[in-house]
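Q: Residue numbers (the working numbering), protein chains in the order written: chain Y, 1 to 162; chain W, 1 to 204; chain R, 1 to 204; chain F, 1 to 242; chain G, 1 to 226; chain E, 1 to 226.
A couple of the hints might just be wrong.
Unchecked claim - For lysine-lysine, the following DSS-like pairs were computed, each having C-alpha atoms within a straight-line distance of at most 25 angstroms: (1) Y:K107 x Y:K65; (2) W:K151 x Y:K6; (3) Y:K100 x F:K116; (4) Y:K65 x Y:K100; (5) Y:K107 x Y:K141; (6) F:K116 x Y:K65; (7) Y:K65 x Y:K6; (8) W:K151 x W:K25; (9) Y:K107 x F:K116.
Unchecked claim - Only some residues are given here: those of chain Y computed to face chain G with a beta carbon under 7 angstroms: (10) R4; (11) L8; (12) I11; (13) A12; (14) A17; (15) L18; (16) A21; (17) L24; (18) N27; (19) A28; (20) A133; (21) M143; (22) R144.
I should point out that these hints are in silico values taken from the structure, not numbers from a laboratory.
Being a predicted model, the structure only gives us computed values, none of them experimental.
Where is the CB? At the ideal position from N, CA and C, for every residue including glycine.
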Amino acid sequence: MKSRHKRLAMIAGGIAALGIASALVLNAFRSNLVFFFTPSEIVANEAPVGRSFRVGGMVVDGSVKRQPDGVSVRFVVTDTAQSIPVVYSGILPDLFREGKGVVAQGKLGQDGVFQAEQVLAKHDENYMPPEAAEAVERANKAMREAHRSAVSGSAEQGARSE
Amino acid sequence: MLEANEISCVRGNRKLFRHLSFAVKEGTALRIHGANGAGKTSLLRMMAGLSPIDEGRVTWGGRTLAEIGDDYSRELVFVGHANALKAYLTPCENLRLGLAVQGIAVSDGAVRDVLDEEGLTGVADVPAQRLSAGQQRRVALARTRFAASRKLWILDEPFSSLDDEAVRRFSSRLAQQVANGGVVVYTTHQDVEIDAPTNYLELV
Amino acid sequence: MLEANEISCVRGNRKLFRHLSFAVKEGTALRIHGANGAGKTSLLRMMAGLSPIDEGRVTWGGRTLAEIGDDYSRELVFVGHANALKAYLTPCENLRLGLAVQGIAVSDGAVRDVLDEEGLTGVADVPAQRLSAGQQRRVALARTRFAASRKLWILDEPFSSLDDEAVRRFSSRLAQQVANGGVVVYTTHQDVEIDAPTNYLELV
Amino acid sequence: MALNIWKYASPQTFFPLAGRMIPVFTVLAIVFAVVGLYIGFFVAPTDFQQGEVYRIIFIHVPAAWMSMFIYLVMAFWAGVGLTFNTRLSSMMAHALAPTGALMTFIALWTGSLWGKPTWGTWWVWDARLTSELILLFLYVGYMALAAAIDDVRRADKASAVLALVGVVNVPIIYFSVQWWNTLHQGASVNLTRAPSMAASMLTGMLLMALAFWMYSIAVSLLRVRAIIRERERDAAWLQDSA
Amino acid sequence: MTAGLRQALAAVTWRDLLLAVRLRTDVLTIVFFFAIVVSLFPLGVGADPVLLRALGPGVVWVAALLASMLALGRLFADDFADGTLEQLVLAGEPLPLLALAKVFAHWLATGLPLVLLSPLLGLEFGLDAAGLWVLATSLAIGTPVLSLIGAIGAALTLGVRGGGALTALLVLPLYVPALIFGAGAVVAAGQNMQFGGHLSVLGAMLFAAIALAPWAISAALRIALE
Amino acid sequence: MTAGLRQALAAVTWRDLLLAVRLRTDVLTIVFFFAIVVSLFPLGVGADPVLLRALGPGVVWVAALLASMLALGRLFADDFADGTLEQLVLAGEPLPLLALAKVFAHWLATGLPLVLLSPLLGLEFGLDAAGLWVLATSLAIGTPVLSLIGAIGAALTLGVRGGGALTALLVLPLYVPALIFGAGAVVAAGQNMQFGGHLSVLGAMLFAAIALAPWAISAALRIALE
Ligand code: HEM
Ligand SMILES: Nc1ncnc2c1ncn2[C@@H]1O[C@H](COP(=O)(O)OP(=O)(O)OP(=O)(O)O)[C@@H](O)[C@H]1O
Ligand SMILES: Nc1ncnc2c1ncn2[C@@H]1O[C@H](COP(=O)(O)OP(=O)(O)OP(=O)(O)O)[C@@H](O)[C@H]1O
Ligand SMILES: [Mg+2]
Ligand SMILES: [Mg+2]
């Protein structure tokens with residue numbers, strides 16, 4: 001074999017290896033790679049017990065309650081299909097609002113209540129003045145109502161687009 | 001056979017040589033002369049394909065080194081200032097594995113025979129690290145014993161550290177290689193002449 | 001002045017030399033001959049106090065090396081196979097700091113003058129790493145220029161890699177040092193003679 | 001820009017050209033920055049969810065974009081220098097690195113400044129943030145390697161190999177928010193769909209991005225000139241003495 | 001594959017393995033370092049068992065990463081200093097493949113022992129059987145990735161002063177993804193969760209590294225010799 | 001102290017500092033290595049803030065230990081390879097003092113920057129002001145100890161074929177107390193407890209090391225040259 005042929009063979013081998021690599025990556029994206037769970041997954045017992053992980057979802061409207069001790073708060077996080085109660089004691093971020101995205105890090109208690117050590121606000125990629133936001137919100141609400149009656153909740157969808 | 005065409009070499013801010021051209025035919029040797037720091041080592045490394053040739057070109061059998069690619073190395077024996085011995089392997093292992101990497105398969109027996117002839121009988125199984133400077137050089141040069149079929153030998157100060165007898169032995173081997181149609185390019189500061197048609201190149 | 005008394009040297013399972021005795025007087029040189037691997041380097045390192053002397057004894061001015069201790073080093077210049085240059089310092093810095101470590105204070109100007117005389121003008125401020133083999137050897141030998149007052153010079157193959165002119169220059173410096181009452185012990189495989197009263201020691 | 005450089009591939013001819021280009025890009029950078037900042041801080045409305053804090057966007061996003069873009073350009077020039085042995089390309093790559101590192105640092109810094117009020121934390125170890133931090137380390141590694149090798153040609157080539165190896169990181173940064181669920185928001189500006197951003201906000205942000213871009217070109221050219229001056233001085237010195 | 005190439009690859013691998021056997025204490029040092037770093041943590045952090053169980057995968061992986069980085073020092077430096085590297089470049093066979101053979105030998109000598117030792121060290125942190133198994137598997141896939149990436153750094157810093165630390169600076173950022181997915185797999189296994197995805201990504205990295213790293217290594221080696 | 005000795009010590013120190021300055025990237029590299037290793041841990045261990053706060057002191061100390069160990073690799077190796085070490089031994093001045101000067105220069109170049117950087121890295125793990133201050137102080141006392149002990153190891157590994165494992169065996173047990181008391185002081189400060197005792201012990205180690213290590217180093221250097 002001439003050195004040129006060897007080089008070609010090597011390149012072919014390299015490309016084959018890269019092909020395998022891509023296949024493996026595609027395979028991997030079918031599973032959860034970060035310790036981030038939606039309420040649906042937690043309800044389906046897919047989340048770890050006794051270890052710290054993250055929950056992501058939307059804070060349910062009207063669910064935020066200061067606890068009697070004055071420091072902790074209790075609220076419910078939903079992915080529109082399922083929801084999970086969360087307790088947290090500490091300072092909430094400014095952007096923590098009902099109806100908005102949130103990411104909480106902590107452990108799931110035996111009682112099914114998520115004990116958060118850290119609560120982070122997650123916002124979406126929309127930037128607009130408040131007036132526009134209101135208009136959009138009104139439109140969305142109408143849409144969501146329609147949607148909810150049509151499809152009875154696809155958990156993944158909810159989590160990803162929140 | 002080996003031709004250099006208008007090559008130049010710059011190191012740091014020094015131009016070592018400029019527009020250097022020469023040709024070596026089959027069956028001749030080229031001895032490169034020059035004071036310390038003249039650029040002999042730099043030139044040899046360029047011809048071996050180790051350093052890039054920024055200006056001008058070097059050809060072997062009419063094709064540039066880049067065109068020939070890896071196949072050029074298979075016509076070449078290069079012995080540099082460094083001996084290319086692994087300190088913790090014995091001369092025997094060093095030779096056998098070193099040659100195998102270069103695509104030359106040799107048996108253990110053949111290697112031992114050659115080491116005997118090179119006066120290294122007693123130390124064939126001592127880690128190379130323990131050998132004296134001259135013994136190490138002998139092992140490095142012993143590689144050439146298995147490479148008679150390779151056309152081009154490039155040797156940087158092959159005789160350094162060798163004692164008189166070893167110098168005599170190796171220089172007559174070089175003469176023989178040239179007589180068989182090889183091309184030998186070498187430098188040395190020592191007063192050794194090879195008994196073969198020789199061109200001289202003086203670097204200043 | 002320097003005397004060896006019945007010293008032996010064993011390396012691995014080889015006895016390099018046994019019951020070796022010799023004496024070198026002030027104002028003479030000792031040249032050690034021997035084939036590759038005969039034990040020249042080993043002997044020089046023993047005399048410099050770098051390797052322990054297992055059998056027999058070496059004395060300087062009548063006292064053994066152990067008795068003299070560190071003061072022995074202050075009468076000594078040793079140049080081994082290695083050049084003792086820091087690759088990233090320039091020849092100028094290498095010389096000045098290297099000499100200071102040995103207790104010899106020299107000015108930058110003096111160093112530059114010497115480098116000029118050794119033909120290293122252009123590279124006095126280039127990292128030593130970049131110098132050619134011979135240029136590096138020259139810098140290593142330039143240390144001796146500031147050590148004329150030291151009585152004992154031990155040199156292992158000082159002429160290796162040097163070009164003819166440098167060999168001539170350094171061998172006449174050795175002759176001068178001997179003429180001034182110094183003791184020079186050296187080895188070389190090259191065909192160089194020092195113009196000074198010389199004893200020969202043949203290791204076999 | 002690429003065309004110009006091919007034509008002016010030798011340092012000698014590029015040097016004066018760069019000298020003439022610098023003022024142009026400097027002026028452009030200033031103009032875009034002034035207009036962009038004006039729009040950003042006086043014209044663009046308050047955001048419906050973040051309020052005023054969101055205005056960090058006018059620094060953060062341009063810096064984040066440039067940090068990735070400069071890396072790609074740097075790797076490109078490094079690769080050209082490696083394969084075609086053109087001196088100027090390697091110099092371009094070296095000149096870009098500090099600016100790229102600066103942009104990365106600004107993105108990280110403004111990002112965490114922004115994260116505190118919005119997310120509620122300075123830092124989380126998620127994919128976007130981590131890969132951006134790796135980008136900073138790659139820039140630093142590139143510069144350290146180039147500086148550690150005293151032979152210029154070797155330094156050029158060795159650092160080029162590193163720059164090319166590091167390219168895999170850039171798509172990871174960019175797509176990390178899609179591939180993994182992270183705190184960092186997804187793209188607001190996307191070529192495949194309409195921007196999810198009010199027009200005046202978007203205008204301000206794009207103008208600032210242009211300003212950062214022009215600035216990067218200007219300082220890189222300045223640095224290329226410095227590099228050329230330093231490397232060619234040796235040649236001039238050689239000609240004088242030879 | 002031609003006979004000459006096969007023979008050259010075998011010789012390269014065999015020579016390095018022979019040297020590793022000759023210098024077995026070097027290999028032991030790496031393993032020892034790995035064990036010590038892992039065991040230092042409980043000392044530096046305190047002995048809370050819950051804390052330790054949470055730390056385990058991360059610490060073992062970080063230690064493996066540091067050990068494999070430490071081992072890089074020897075990969076090309078000796079060959080560079082003694083002239084063997086010149087002869088390798090002049091072997092007349094494709095340098096990327098020869099480099100791959102060297103990395104393979106290096107991994108056999110310094111990576112594999114870490115893999116074999118890891119379950120023992122995992123025990124120190126109270127990992128369960130499944131966790132230990134996944135730890136070893138993730139390291140078995142991950143350490144070759146580390147060796148391949150590290151070899152690029154080692155080759156780039158040949159002959160450069162500050163070699164060791166500079167290598168670390170170049171290589172550690174590139175190690176990060178392997179670390180995240182490797183340790184992630186073990187953590188997932190510890191929670192009885194899917195870890196296949198993590199291992200898939202590691203595997204992808206391995207194949208990508210095999211495809212790409214040899215070219216970078218061989219380019220870097222040639223540059224070092226210029 | 002004679003003039004000759006003073007001059008020799010100054011020359012040894014100055015030469016090594018000059019070498020460090022010649023390639024200032026060297027120092028930067030050690031510092032970056034330190035920073036990167038510290039930042040790796042959160043990646044391997046996970047982002048749990050409570051866990052991170054507990055880890056902080058231990059991680060920073062272990063990273064400093066590794067960085068200073070990595071930096072030691074070349075302390076004598078270059079001198080050994082290029083023949084400078086022979087000349088040092090033949091300097092005619094007490095070798096323990098010359099060795100001490102070398103270690104001092106080495107610490108100035110590679111240890112001190114770690115000390116100065118440590119508060120910044122401590123911030124990453126959420127240490128408070130008192131913790132940061134104690135962290136820096138403990139490293140300021142501790143890193144010279146590491147350098148001195150490490151230098152013994154560096155000297156022993158020269159030449160001796162299997163030096164590696166022996167060194168690790170010899171040096172690491174001596175590193176461990178420094179780690180325990182160093183990290184311990186920081187942990188204590190974090191809990192508003194007395195940390196003076198820990199620092200005193202560290203100080204005692206420093207003086208003991210200054211008194212004893214130079215002899216061990218110089219003996220090891222002589223053995224290496226034989
Ligand atoms: C240290 C923390 C942060 C880092 C390292 C970081 C990094 C980046 C990077 C690399 C990009 C460019 C990639 C892209 O265009 O998609 C980016 C874009 C962006 N970032 Fe960040 N970021 C950080 C924090 C934040 C925070 C806290 C916010 C807002 C609350 C934010 C908002 C944005 C926005 C709006 C974009 C533009 C997205 C687009 O339109 O493409 N970032 N960031
Ligand atoms: N960065 C640099 N700056 C200045 N000069 C340099 C630089 N790098 C190399 N050089 C010079 O290039 C030359 C290289 O010479 P080379 O090693 O080829 O010489 P040589 O003819 O083999 O000498 P010797 O007979 O001593 O072996 C030396 O003169 C050296 O000083
Ligand atoms: N462990 C060992 N086993 C066997 N032989 C050994 C061992 N260590 C050293 N030797 C031998 O000891 C000798 C040392 O020789 P030395 O270096 O003193 O020779 P030299 O006379 O300086 O030779 P040269 O002219 O080649 O420099 C060599 O012959 C070497 O093979
Ligand atoms: Mg030469
Ligand atoms: Mg000798």
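Q: Just pull the numbers of the violated hints for me, sorted ascending.
A: 5, 7, 10, 11, 12, 13, 20, 21 and 22
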